[in-house]
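Asker: Read off the chains here:
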Amino acid sequence: MKTPGSEARTRLLRGMMRIRLIEEAIADRYAEQQMRCPVHLSIGQEGIAVGVCATLRAGDYTMSTHRAHAHYLAKGGSLKAMLGELYGKETGCCGGRGGSMHLVDRSVGFLGATPIVGSSLPVAVGTAFGSQLQGEDRVTVAFFGEGTTEEGVFAESVNFAALKRLPVVFVCENNLYSVYSPPEVRFHPDRDRVALAKAHGIAAGKGDGNDVEQVLAMTGEAVAAVRAGSGPAFLEFDTYRWREHCGPNYDNDIGYRTEEEFLAWQAQCPVSGYRSLLLEQGVVDGAALDGIEAEIGREIEAALADARQASFPSVESMAADLYAESGGL
Amino acid sequence: MKTPGSEARTRLLRGMMRIRLIEEAIADRYAEQQMRCPVHLSIGQEGIAVGVCATLRAGDYTMSTHRAHAHYLAKGGSLKAMLGELYGKETGCCGGRGGSMHLVDRSVGFLGATPIVGSSLPVAVGTAFGSQLQGEDRVTVAFFGEGTTEEGVFAESVNFAALKRLPVVFVCENNLYSVYSPPEVRFHPDRDRVALAKAHGIAAGKGDGNDVEQVLAMTGEAVAAVRAGSGPAFLEFDTYRWREHCGPNYDNDIGYRTEEEFLAWQAQCPVSGYRSLLLEQGVVDGAALDGIEAEIGREIEAALADARQASFPSVESMAADLYAESGGL
Amino acid sequence: MSRDLTFTQAVREATDQCMAADAGVYVMGLGVTDPKGIFGTTLGLEEKYGPERVLDMPASENAMTGVAIGSALVGMRPIMAHQRVDFAILALDQIINNAAKWHYMFGGQCGVPIVIRLMIGRGWGQGPQHSQSLQAIFAHIPGLKVVMPVTPHDAKGLMIAAVEDDNPVILLEHRWLHNLHGPVPEEMYRVPLDKAAVRREGGDATIAATSYMTLEALRAADDLSRTGIEAEVVEVRSLKPIDADLLVESVAKTGRLVVADTGWRTLGFSAEILAICAERAHAHLKCGPRRVALPDIPTPTSHVLAAAYYPRAADIEDNVREMLGAPPAERERDGDTTLLDVPDPDFTGPF
Amino acid sequence: MSRDLTFTQAVREATDQCMAADAGVYVMGLGVTDPKGIFGTTLGLEEKYGPERVLDMPASENAMTGVAIGSALVGMRPIMAHQRVDFAILALDQIINNAAKWHYMFGGQCGVPIVIRLMIGRGWGQGPQHSQSLQAIFAHIPGLKVVMPVTPHDAKGLMIAAVEDDNPVILLEHRWLHNLHGPVPEEMYRVPLDKAAVRREGGDATIAATSYMTLEALRAADDLSRTGIEAEVVEVRSLKPIDADLLVESVAKTGRLVVADTGWRTLGFSAEILAICAERAHAHLKCGPRRVALPDIPTPTSHVLAAAYYPRAADIEDNVREMLGAPPAERERDGDTTLLDVPDPDFTGPF
Ligand SMILES: Cc1ncc(C[n+]2csc(CCOP(=O)(O)OP(=O)(O)O)c2C)c(N)n1
Ligand SMILES: Cc1ncc(C[n+]2csc(CCOP(=O)(O)OP(=O)(O)O)c2C)c(N)n1
Ligand SMILES: [Mg+2]
Ligand SMILES: [Mg+2]
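Chains as they are written, first to last, in my numbering: chain W, 1 to 329; chain V, 1001 to 1329; chain E, 2001 to 2351; chain X, 3001 to 3351.
One should not assume that every hint holds.
As the list claims (entries may be wrong) - Listed next, with one range per pair, are the computed distances between beta-carbon atoms:
no.	chain 1	residue 1	chain 2	residue 2	range
1	X	D3346	W	K2	55 to 61 Å
2	W	D137	X	P3345	53 to 59 Å
3	X	D3222	V	S1326	36 to 42 Å
4	X	D3222	W	A320	31 to 37 Å
5	V	K1206	E	A2023	38 to 44 Å
If you're looking for bench data, these hints aren't it; they were derived computationally from the structure.
C-beta: ideal position from N, C-alpha, C; glycine also.
Next up, chain W with everything else stripped away, as it sits in the complex (with noise of 0.2 Å):
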């Protein structure tokens, strides 16, 4: 994988800053109770979403979590639609049935997000599956926290993308928590992920999530190799979240985890430091910058003023599509 162009660097800024600013925007806004659903941030997390996403075709399939703005936003997902769905409004992805852990756009291959730990990730292997019945060269990636691999049907999951060498690619982000919980009550200290992996007979590798052209560079070589037709890789990337586990706030005093260790991961940034590094190597300049942040305030306004005008669901839609109509065969 050769290194990024300059364009292709400040898209990659470009894309964490549009999903910080989208989320710390949807942060500031939750207090007002309009969003009346449960929201998982990506804050801190923007690096792996984008680094990703980058190296996935339009056609390319990808599936998620309870905390799947990040992806929803990297795969191109509407932002409009995005936030109709938060507000509960009939503009929502789903028409307001879901909410924000049920984050779904067909159009650029998201094709869904689902809450109950570990749910998507069989799913997100059937439509590799799916793809390798079909003859296509589409390539799936499987979103998901570090948290989720130790249910069950993560390693079912994996065996079976093994045994069919399926076009997907695991993408594991590590944020040291599941909930409130730290590692050390959920498994063993030597337990390794990508040695688990492995073992499944995938290959796999570990990575910096703060450093998105680390994610790119990893996940663009996976990528190829897989949709090459060398069977389904894992990848793992550290990262941090930084506000609460769900909701808008941080919350590094209420006890599981500590100010300092919020800290250090945040010193890390994703965005600002790769910010940084743009401007220092000249690849992009403070008002490019400044230009940038301005257009996406642009866009999110227009965003948030969409989802507020917008309809409500007509109570007489509700039991509207129990069922799909079939067309026959």
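Using the hints provided, position chains V, E and X with the ligands relative to the given structure of chain W.
Answerer: The following block gives chains V, E and X with the ligands in isolation, referenced to the frame of chain W:
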């Protein structure tokens, strides 16, 4: 672990001979249609059950699966209660409620066998957790087939055992098949169960299930370490199921495996191989073996007669024991 | 053109025709390619359609159900088979949380056209963990369709309708129906997934039955008829959506209802039929409706206990007679219970 | 001595007292030791009893349920908690195949004394996968006991009875009950696991309610009373075993039945109550019984839809009035639906 003396070696041989003869007696009589339940015979797999259980104390726990006869017998489970159960009688170890797939003999620490693949694994881990909480130095052995490792609950069970450093030994009997399904349709050729276990953070090893002394030595070492607090161990032993997956017959003709494969494994018979060895080394002589065989034969005949003569459970008792009567804390 | 086929052959033919008609249809499940081929229902398919479209799988019920769902999201139409409904309990997460809800919760954008075939074991000491009859669980979950064919004709027609449907369909097959034979048209045809069928007309009582219990209900109706009591037998082959209208209509006519279901009594499918008829046909009911169902205990293994555990025609008959104030039928007590734990006398176990 | 405690405090006190009384009792579940302590119900227990007996766990619901079972087989008495009933679907294999059947299938040798606490989410956009109310599934399975406490008093008493019981007990807690407060005796006491409770007497109609719907039923009864209609409210806090006698007695007295349940309509727990009363109280019923339950669709997330999705006192009231031929009550249509998706006005989300 010191090598076993003559008496211990003879006991090992006798244990395997006994299981073989019991299983053959069941197979011979199955066509009489008096044992009206599915039976999964252990013929060919005796070395593991006997080698493993020889390392255990009476107070140690074991649990098993649909293919439990050898484990139950090797741990000291009552033959009469087992045959009674197969005949559906009230003298059966479950009073006829369970059949061959649900053996139990709490008096010898055989806490139960259940035929939902993987379902007894976490339960076995739970008994070890109980022992740990109670400060007991018991060890639990969980027996299961290699197919069981495909269920997610296997990974979950190993993970929790590793986390808590529980006194449990996972004994995987790799007989190549899951019902009629060969490895090729179930996992990647590079899948490595020993590596999987190690990646969870536990000790693991692999041995020859046809060599009872190797089983004994490896398990003895593992059990001693586990009892001393080292945390769980995973052991895999290669073996082969001689008869059909379920039922009394040979089935090398139906197409899922070859007669040659069967013959090659039969040539490594754990029982006759060890018998020859002990004869050759003068540990036992032919007359002694004849005596043992006759003695086992009498035991089997008596147990069979007992099972045939025993009463069926009364229809009136059918609804009893749905709930345990509670005595309070 | 109709031939005489077994239920097994009918299921296989339906699968075969669906696979021929649509390259998206594939078959997956433990043992679908093995020499037994899910009690014969998948035999020959791998040879005909290749190992990509007919595949055995690891013992990973939950993930494999997710795989089926994922493939369906991108245009495939999987048919999954489990040799026992009990094994599908491991997959309830994917079935309940994902398959059932996907279309609704994502705003109606994408259906999940999967068929899950579940076998209900019975007899020959299958026991507590291999012979549950869990249709009530599936029929409780919004978003699933649930059918239980009885005749070979319906086995084929419901199977084809299920595969063509864009929703998850649970198709429960009772092992004691697999050898049943009857006329089955050669061409592809559909039996609607939401209609019950009147299998025998009568004016004195309605016997609503599911799955294998339909055969027992028909036996009971025969016996009753010999003493002048005419029972109407309604086969509830579609559990969800349920054909409530037909049930209510029949009960309105007969004024009496006995429901015979293969599942447990409490909260079993029989409870729903009673509830519907109590709600909608109360004025027509001449007496309280009744349930003939499994007692609320796990399946005991010993054939002696199993004989007492499973209700039969006689139990249905007794209930109808009691409702009508007719004296109990005279009959002999069971002699040889071994005859009652196999589907037919030729059976020599094990399953 | 009785104090005024919340439901949350009552559950915590029950757990505390059981742990003090029996060293075999331990508490396990995702988050039981975290700063939120399962909505406050496990707070302080780790400090008091140590990390061996109060433990967080990996996200491995099925295995951890097996672990609970295994430990129970050797003398422990685990209390497991899941923050949503939806997560327990992953553990149904161990619950249905093992826990429920163990005592029976192994011939009555060994009970499985485990308590599984399951939270029913509601409101604030919990949506399709975080607010199911699956009591009907558990109550269908022989061998399980299933309770749904409503008052703080019963929360404590049922919890203690559940822990002391030698069988698997499923205890479902509705999130909208956690802040309810009321008198709770200080000492250890038991509320029987198989008895319903009459919460209000009346002769015109029986409203049988489960869990949170009891509060709506009492509101409905209040409103009805204002127009001279006296409803009897029976709280079905024990779903299995069910107190059928009390229900039948009440219906025999009132002649009318409306069941208000937190679950789905089809094959929901309301179906069983209708079935029981149809069977045993047919002669007393003056009209068809009715169900007030969730429509058969997944929970929609948007509060506007959720407001229409969840039935309330008004729905119960309307049904009772219709049965009595009384004119519909006059009331205003919902204005601000945001008020309906939180348990109390102070709530600021998220759960
Ligand atoms: C089956 C199931 N169990 C538990 C939960 C509760 N839960 C929600 S998010 C979460 C943490 C998952 O951790 P991880 O996969 O690391 O994702 P992160 O939140 O850290 O991004 C848990 C346990 C759930 N949603 N589903
Ligand atoms: C959950 C579940 N899925 C499928 C089955 C059907 N089944 C019974 S035994 C068996 C094979 C298990 O293979 P393995 O663990 O290797 O044991 P072996 O029979 O080879 O001793 C299977 C798949 C089952 N009993 N339970
Ligand atoms: Mg995490
Ligand atoms: Mg095997």
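Asker: The structure should be examined with respect to each hint, and the outcome stated for every one.
Answerer: Quick rundown of the hints versus the structure:
1. Evaluation of the 55 to 61 Å hint for D3346 of chain X and K2 of chain W yields a pass: the beta carbon distance comes to about 57 Å.
2. Against the hinted window of 53 to 59 Å, the Cβ-Cβ separation of D137 of chain W and P3345 of chain X comes to about 55 Å, which satisfies the hint.
3. The supplied range of 36 to 42 Å is met by D3222 of chain X and S1326 of chain V, whose beta-carbon atoms lie about 38 Å from each other.
4. A hinted range of 31 to 37 Å holds for the C-beta pair D3222 of chain X and A320 of chain W, which are about 35 Å apart.
5. For K1206 of chain V and A2023 of chain E, the Cβ-Cβ distance of about 43 Å falls inside the hinted range of 38 to 44 Å, so the restraint holds.
In terms of the numbered hints stated before, the structure departs from none.
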